[in-house]
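Trainee: Work the whole structure out from these sequences, hints included.
Sequences listed follow chains A and B, in order.
Residues in the first sequence are numbered from 1 upward in steps of one, following the numbering used here.
Residues in the second sequence are numbered from 1 upward in steps of one, following the numbering used here.
Hints should not be assumed to be uniformly reliable.
Unchecked claim - What follows is a set of in silico ranges between Cβ atoms, one per label pair, in the way DEER data are often shown: (1) B/ALA57 to A/ALA67: 32 to 42 angstroms; (2) A/PRO49 to B/GLY26: 39 to 49 angstroms; (3) B/GLY25 to A/GLY63: 29 to 39 angstroms; (4) B/ASP52 to A/LYS56: 40 to 50 angstroms.
Calculated directly from the structure, the hints in this document are not laboratory data.
The C-beta atom is built at its ideal place from N, Cα and C for all residues, glycine as well.
This is what each chain is made of:
There are 2 protein chains.
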Amino acid sequence: MTTSTYTVVGMTCGHCVASVTEEIGGIDGVSQVDVDLATGSVDVTSAAPLSDDAVKAAVEEAGYQLAGS
Amino acid sequence: MTTSTYTVVGMTCGHCVASVTEEIGGIDGVSQVDVDLATGSVDVTSAAPLSDDAVKAAVEEAGYQLAGS
Chain A
1 MTTSTYTVVG MTCGHCVASV TEEIGGIDGV SQVDVDLATG SVDVTSAAPL SDDAVKAAVE
61 EAGYQLAGS
Chain B
1 MTTSTYTVVG MTCGHCVASV TEEIGGIDGV SQVDVDLATG SVDVTSAAPL SDDAVKAAVE
61 EAGYQLAGS
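Mentor: This is the structure in structure tokens:
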């Protein structure tokens, strides 16, 4: 089990949080996603470390961006 | 056919627009809902004039408020 923290930019409301949670939660091996709307901080718990590309793709699928990408 | 304009406060993103559109669109007789996210202005076209209470209830069901209510 591993937990990584990402920063997502562009979320403005609870619907945004739900979209990001759903998309990242759909990545293979992810068991938990905790989003802090105020800061954009997203803690992702997974069975094995995730590729940054997979997380980036999920965030973009939801309609947002990883900070710095 | 009648069109009335309301102002909804609290919408921050396209998901919010979709929620408000869906709830107001569900009122009997409503044929069109146009939301301007930037201003909160919502034009509602309906077969007959709507009661303010019905619109207020729909907006609140979506999680937002009519301005001044």
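Trainee: If a hint holds in the structure, say so; if it doesn't, say that too.
Mentor: Cross-check of the supplied hints:
1. B/ALA57 to A/ALA67: 32 to 42 angstroms: 39 angstroms, holds
2. A/PRO49 to B/GLY26: 39 to 49 angstroms: For A/PRO49 and B/GLY26 the Cβ distance comes to about 45 angstroms; the hint holds.
3. B/GLY25 to A/GLY63: 29 to 39 angstroms: Violated, since B/GLY25 and A/GLY63 (Cβ atoms, about 22 angstroms apart) do not stay within the stated range.
4. B/ASP52 to A/LYS56: 40 to 50 angstroms: 46 angstroms, holds
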